[in-house]
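**Q** Taken in order, these protein sequences are the chains called A and B.
Positions 8 to 82 (this note's numbering) are the ones given, in order, by the first sequence.
Positions 1172 to 1639 (this note's numbering) are the ones given, in order, by the second sequence.
Everything labelled a hint here was simulated from the structure, so no lab data went into it.
Model, not experiment: these values are computed from the prediction.
Heads up, the beta-carbon is just placed ideally off N, CA and C, and yes, glycines get one too.
According to the in silico footprint, chain B covers these stretches of chain A (three or more CB under 8 Å from chain B):
# : region
1 : 12–24
2 : 43–52
So the derived list for chain B, only partly shown, Cβ under 8 Å to chain A, looks like this:
#  : residue
3  : LYS1405
4  : PRO1454
5  : ARG1456
6  : LEU1457
7  : GLY1458
8  : CYS1460
9  : PRO1490
10 : GLY1491
11 : LEU1493
12 : GLY1495
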Amino acid sequence: MRPMATQEIASDLVANVASVTAQVGQRIAAGEELVLLESMKMEIPVVAEFAGTVTAVRVTAGDVVQEGDVVVVVD
Amino acid sequence: MAAARADGDEDPRSPRTRLAEFLDAGSMKLISPEDASGMLAATGTVLGTDVVVFASDAAIQGGAMGVKGCQVVVHAYERALADGVPVLGLWHSGGARLAEGVVSLHAVGEVFAIMTRASGVIPQISVVIGPAAGGAAYGPALTDIVVLGPHGRIFVTGPDVVRSVTGENVDALRLGGPEPHGRRSGVVHVVTETTQEAYERGRALASLLADQGELDVSTVADLDLAETFPESAKRAYDVHPLIDNLVDDPQASIELHPRWAPNIITTLSRFGGRTVGVIANNPMRLGGCLDSTSAEKAARFVRMCDSFGVPLIVLVDVPGYLPGVGQEWDGVVRRGAKLLHAFAEATVPRVTLVTRKTYGGAYIAMNSRSLGATKVFAWPSAEIAVMGHVAAVRILHRRRLAEVDEAERAQVEAELAAEHAVLAGGLQRAVEIGVIDEVVAPTATCSAIARAIAQAPQKRGSHGNIPL
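Could you build all of it, start to finish, from the sequences and the hints given here?
**A** Put into structure tokens, the structure is as follows:
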């Protein structure tokens, strides 16, 4: 597969944003937790698929996200 | 290409080369003539298991399927059915031969018919190493497992037709390559990085399904299966390490549909030396919820395993069905029903382990006692309920909670939830009424599952494996 220059990391499901750990400019590793969502009685981490630098964080704790909403952008 | 052959060089795309490469060295025996039919078939072994394999000849009309070529495939199937061995196809074909017209369509239809007759009788595995279009797309699609190599492209109509009819500009890779079929369509079970790896996966799958071995309980060692779980019961986690700890050798596992509906895992592996199918909710994706796609994925896997006599191990940690308009309109009722049907119909040994929780409709669907599970185990801390206790009291005590001051509501909710947990009974009650057979410690689980499978009647379903 071709490496992606930018990854827009989206929520898989409707959820409350419990906490946001990612910060713009932060270097992150693949698999690192960026945002913690709460849905279906579960705490579900949103993780980076690839290593990179966080260029945008689109949510704050307490937000409600819909399925497919981009929460973090990583370059 | 023909010129290269005349020179005595092996064309790497020639079906003979591909068959020889696929089969165990020196085991190939051709069972069809090397002519211009566009298909070549052989018997041989993979990892010591007898199989029949056919390959399309990419050098002749792009591997297109004519009457003669289809006869080669039908003959290969008849041979595999007579011998009771797996049949594998190495696909690189543009579909039915245009030049032959409707007779080639009829011939391709006959291939589909015998594939369907063989469904659930002998394992059928497709390894798609080049384009597989039209009839050559539906051929693999009718088989039990489709492996896609890096050059494999599967579509009903190619980019040119798509462009002329719909105006969509798309190349073959984006239309029918590893990304769309591995992640979106569910057409492909296994995507590989190299053609060689596609062959290896195909060989390993044939061996897993045809050379299943016998479960030797004494070889199953117990370890603490709970060690891969997070401390908080609410916390999502990846279920793969649990599966890896359970099976004999994680390297020998082949996960089917790993990127499609990743909220449920379907893996073939060996356990106590025997082939088993493992199904597990994966809380890391969608919280491990069942949804329409994952229910369909699991249902097809259950039916495949049942039709070939592969016992099932079902690892349950499920918060319920995913709610939503999208899900309902997507047919979660119809598609979810497939999973109920598949489990209820299955006659292979099928053992369930509830690790953390199982709620509501998803409790029933995940191979519950009511659907005929061989054994249902639960860990001591497992929760079994119609829904989470807090959610339940919010419904049961809606009015009372509405009257409570907002500041105190959480406190009251928690008290009611604790009360409700006792009333509903949870795990203890589930054991009393016999829907959980046994509470087992995580350190004694592997051997308990092994004994349950070994002691069950080793049955096999008698049904086809329709590509649900």
